[in-house]
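Novice: Let chain W serve as the given structure and place chain P with the ligands on it in line with the hints.
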Amino acid sequence: MKIKRNNKLPWRVIDDTVYIVNPASSYLYSLNPLGRRIWDLISKPVTLEFIIDKLYSEYDVDKETLKDDIEEFFRIMGTHHLIAN
Amino acid sequence: MIQEELFEITYKKNIPLITVFELTNRCNLKCRHCYLPKNDKCSGSELTTEEIKRILSQLKRAGCLHLVLTGGEVFLRDDILDICKYAHKLNFDFRIFSNGNLITEKITRQLAESGISGVEISFYGRESVHDKITGVRGSFEKSINAVNLLKRYKIKVTIKCLLMKSNFNDYPWLIRYARNNGVSYRFDPTVAPKNNGDKSILKHRLSNQQLKRVFGDKDLVGNVSFEDRKGGGFSDWSNDLFCSGGHNSCGIDPYGNVYPCLQLLILLGNLRDKTFSKIWHPGNGSKLTQLRKFKQDDLQVCNKCTYAENCRRCPGLALLEDGNLLGPSSLSCKMVKVQCDKNH
Ligand code: SF4
Ligand code: SF4
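Here the protein sequences come in this chain order: W and P. The number in my numbering is simply the position in the first sequence, starting from 1, with 1430 added. The number in my numbering is simply the position in the second sequence, starting from 1, with 16 added.
Everything labelled a hint here was simulated from the structure, so no lab data went into it. These numbers were taken from a predicted model, which means no experiment stands behind them. Backbone N, C-alpha and C define an ideal beta-carbon position, used for all residues, glycine too. Heads up, a few of these hints could be off.
Pair ranges (Cβ atoms, derived) [unchecked claim]: (1) W:1491 to P:64: 46 to 56 angstroms; (2) W:1477 to P:118: 22 to 32 angstroms; (3) P:346 to W:1489: 51 to 61 angstroms; (4) W:1477 to P:73: 27 to 37 angstroms; (5) P:29 to W:1493: 28 to 38 angstroms; (6) P:306 to W:1471: 38 to 48 angstroms; (7) P:21 to W:1477: 24 to 34 angstroms; (8) W:1502 to P:200: 52 to 62 angstroms; (9) W:1502 to P:224: 55 to 65 angstroms; (10) W:1467 to P:48: 51 to 61 angstroms; (11) W:1443 to P:342: 27 to 37 angstroms; (12) P:303 to W:1471: 37 to 47 angstroms; (13) P:215 to W:1464: 28 to 38 angstroms.
Okay, chain W solo, but in the shape it has when bound (with noise of 0.2 angstroms):
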């Protein structure tokens, strides 16, 4: 399965925060850095293993917590419909 951002939400880089709005609830989310760099990463279709592999290899992690913490990420994603699958 593959990822990729929700494209229909307005969206800003603001001082190196990402700024996303859910006009519909007028809420307003903001993703630091690490998030910053998936949602770059996901400005196409991707897999979840392709984000791993490419986090993985730019940070100095530990690769199972990095798994659980993209997933985590994505599955709070998935709830504010952020990304579109």
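Specialist: Just chain P with the ligands now, with coordinates in the frame of chain W:
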């Protein structure tokens, strides 16, 4: 919380988070309180579609997220849907301010597809009151139709109303109408002079007695905004005697002129001559740099004022109506006094 954080960062770094973009000064109604001077021959031709798209791209690069497209009446532009689609492509959070009279089912369908965040429709009261204020018979019915269409296509609707002497008695009706139809509402008691300084329309302003009722009505708490048409509805976020204009909010007129805010008519430059970033980040000694440097201490009268803590002084009105950017705004003085005296 995130909203405040973003507002603060952009304010400090002068990132134009909010832009109010007037796309035309042409209008199909003849509202008696309109701040646009009639026979506006001043500034040459309106921006073309391509120019507007270029400006939107520049605004995106500058960090603008919230965009208000307004007029005049924006639906008089044939390219408005094209502009909306482009704004969506650039991932703006964009809204339209309109009188709704030209909104058809076809337009609504396309608007819904354009990813618009919402439409705000001007209302003034019941049919007879509304049509008298707009100067066009039948305008009320068309605005009502627009609300119904927008709702049907699940576009967020807000009805907004400038409160004046002549429609004051109708505001409870408007609240009922909004509630019965599940739409938001917003009231603004700020009748501003025309952009050319003409004060003849100030006679429409609410009396002190009426203002007192506005501030005392619990149905209006949280639904009253100030200088809303010009600040795009975000002006309430500012918290001192200056404001967000020229820091993180910006106004652009239909001819490409850039202002700190459409109520603060200090011309910063024209987008036909310069890019947005050149205008927004000018060198030292420019008008904008000077404006950004002003501090509360520079406001000699307001600084000593006992109402200052509660006052929502609008620098734009202070300049346009009272002739001094650093002086009191007589309307702000009147409002804060009425508001505070109510608590005594
Ligand atoms: S100049 Fe007035 S209307 Fe404009 S942002 Fe400032 S307070 Fe609001
Ligand atoms: S009430 Fe008038 S004098 Fe006092 S701070 Fe406000 S604008 Fe200035």
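Novice: All hints are to be evaluated individually against the structure, with a verdict given for each.
Specialist: Quick rundown of the hints versus the structure:
At about 51 angstroms, the CB distance of residue 1491 of chain W to residue 64 of chain P agrees with the hint of 46 to 56 angstroms. Evaluation of the 22 to 32 angstroms hint for residue 1477 of chain W and residue 118 of chain P yields a failure: the beta carbon distance comes to about 47 angstroms. A beta carbon spacing of about 58 angstroms between residue 346 of chain P and residue 1489 of chain W agrees with the range 51 to 61 angstroms that was offered as a hint. Take residue 1477 of chain W and residue 73 of chain P: their Cβ atoms lie about 32 angstroms apart, and the range 27 to 37 angstroms holds.
Taking 28 to 38 angstroms as the suggested C-beta distance range, the pair residue 29 of chain P and residue 1493 of chain W conforms, at roughly 37 angstroms. Restraint check, residue 306 of chain P to residue 1471 of chain W: a C-beta distance of roughly 43 angstroms satisfies the suggested window 38 to 48 angstroms. One distance hint, 24 to 34 angstroms for the beta-carbon pair residue 21 of chain P and residue 1477 of chain W, holds here, with the actual separation near 33 angstroms. Between residue 1502 of chain W and residue 200 of chain P the CB atoms are about 35 angstroms apart, so this pair departs from the stated range of 52 to 62 angstroms.
For the pair residue 1502 of chain W and residue 224 of chain P, the beta carbons lie near 57 angstroms from each other, so the given range of 55 to 65 angstroms is met. Distance hint check: the CB atoms of residue 1467 of chain W and residue 48 of chain P are about 55 angstroms apart, consistent with the given range 51 to 61 angstroms. Hint check: residue 1443 of chain W to residue 342 of chain P, Cβ distance near 36 angstroms, so the stated range 27 to 37 angstroms holds. For the pair residue 303 of chain P and residue 1471 of chain W, the beta carbons lie near 42 angstroms from each other, so the given range of 37 to 47 angstroms is met.
The hinted range of 28 to 38 angstroms is not satisfied by residue 215 of chain P and residue 1464 of chain W, whose Cβ atoms lie roughly 55 angstroms apart.
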